[in-house]
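Enquirer: Letter by letter, the chains look like this.
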Amino acid sequence: MAELNTGGKKATPRVDMTPMVDLMFLLVTFFILTTSISTPQAMDIVKPDKDDNNKDNRLELKASKTMTILLGKNDKVAWYMGEAGATAPTIESGSQVEKSIIENRKVADASGVKGEFVVLVKPTSGSNFKNFVDIMDELEILKVKVRQIDDDNILDNEKAFMKDKGIL
Amino acid sequence: MPRIKVKRTSTVTDMTAMCDVAALLLTFFILTATARQPEPLAVSTPSSTYEFKVPAENNAILTIGQGKVFFEVAGQKVRARTLELIGQQYEIKFTPEEIKRFSSIASFGVPVANLKSFIALDGGERMKPGVQTGIPTDSTDNQLNSWVLQARTATAEVNSQPMRVSIKGDSKEEYPVVKKIIDVLQKQKVNKFLLVTNAEARRK
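The listed protein sequences correspond, in order, to chains A and B.
Yeah, the first sequence ends on 168 if you go by the working numbering, and it's all consecutive.
Yeah, the second sequence ends on 1204 if you go by the working numbering, and it's all consecutive.
Incorrect hints may appear among the rest.
To give an idea of the chain B side of the interface with chain A (calculated C-beta under 8 Å), a few residues [unchecked claim]:
#, residue
1, Ala1023
2, Ala1042
3, Val1054
4, Asn1058
5, Phe1118
6, Glu1173
7, Glu1174
8, Pro1176
9, Lys1179
10, Ile1182
11, Leu1194
12, Leu1195
By construction, these hints were calculated from the structure, which means they are not laboratory data.
Every residue gets a Cβ at the ideal spot worked out from N, C-alpha and C, and that includes glycine.
With the sequences and hints as input, model every part of the structure.
Expert: Right, here's the structure in full:
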């Protein structure tokens, strides 16, 4: 066993750093990703002022351009166009309402009546916080400019309808 | 004829330098990442596609979960001043030591009457279940109203900027509970809120 180390020189001990570099970059990536994900986002919400004496608080809505969305139990919503009681509300699940909003907006825009398309959101006592955030997010995605939140004036016939359908 | 020797350069590169850089980056990220504050009331927030960061200053966060509400105002100086104002309102004298301790408490939920003994507890004790019962919001003894009002005053004094109110609600929280809290704020003519949500990727 002579000719293995012919030069007589001792080879410098070299460690292969490649796996270590891999590991390091994996950790770096992990930290970058986790720090950016955990930052909470905020959603801007404006509720109507409750001061009845302020005349600016009164907003006139056109029946044909107003869509009311009632938030109910089990992630269900009920929506109707125009005045309460004039047309029977449609019951849908929260994820389907997006389509209805788009359709209603199209019809409203084609009607030629002046004014913006308005969505009135009424969270009832059956809904939870997530339903409310989801619907507001949906309106933001669909760029519905005029949206109102009304949780004080849930009409009796709205309540009766929702009770009847078991979503309140 | 002599053979033409092709010089072969070794393909093995020295990885040590690269390793150093990676380690440096790693250290940097670990150190700059803010440690997550332990929260006395754990809530899972709903997600939305909004892209707006929760402000780090001039902000109060109301955490709503399990029917309880917890309060937190940003900034140590603001917290200290808020406690002083609350002390004046409820006629409780807080020592400078207590004020100092309070300014490092983030989110909390105890009635004002228990505040002194709560401040005296150490960090681990405070997190125990049953210690923090939420801030009373009854119409007869609406302490949440006072906290928000005094925090707004304190923020205006210390930072001379208006305070924003953020609501951090649990996904499963029933809407009437949230409405009750929002009504308290609307009585103070706070009609703009931030709802704290998780980031969610935009569809399409």
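Enquirer: So, for every hint listed, does it hold in this structure?
Expert: Okay, the hints, checked on the actual structure:
A least Cβ separation of about 6 Å between Ala1023/B and chain A falls short of the 8 Å threshold, and the interface hint therefore holds. With a least beta-carbon distance of about 14 Å to chain A, the hint placing Ala1042/B at the interface is violated under the 8 Å criterion. At a threshold of 8 Å, the smallest CB-CB gap from Val1054/B to chain A is about 5 Å, leaving the interface hint in force. For Asn1058/B, the shortest C-beta to C-beta distance to chain A is roughly 13 Å, which exceeds 8 Å, and the interface hint is violated.
For Phe1118/B, the interface hint is violated, the least distance from its beta-carbon to any beta-carbon of chain A being 26 Å, above 8 Å. Annotation: interface hint on Glu1173/B holds; nearest CB of chain A at approximately 4 Å, less than 8 Å. Against a cut-off of 8 Å between C-beta atoms, the interface hint on Glu1174/B holds, since the closest Cβ of chain A lies about 5 Å away. Of the supplied interface hints, the one on Pro1176/B holds, with its beta-carbon coming within about 5 Å of a beta-carbon of chain A, less than 8 Å.
Hint status for Lys1179/B: holds, given a least beta-carbon distance of 5 Å to chain A, under 8 Å. Taking 8 Å as the C-beta cut-off, the interface hint given for Ile1182/B holds, the closest approach to chain A being about 7 Å. With 8 Å as the threshold, the beta carbon of Leu1194/B comes within range of chain A, its nearest partner Cβ sitting at about 4 Å, so the hint holds. Among the interface hints, the one on Leu1195/B holds; its C-beta lies about 4 Å from the nearest C-beta in chain A, closer than the 8 Å criterion.
Checked against the numbered hints given earlier, the structure breaks hints 2, 4, 5 and satisfies all the rest.
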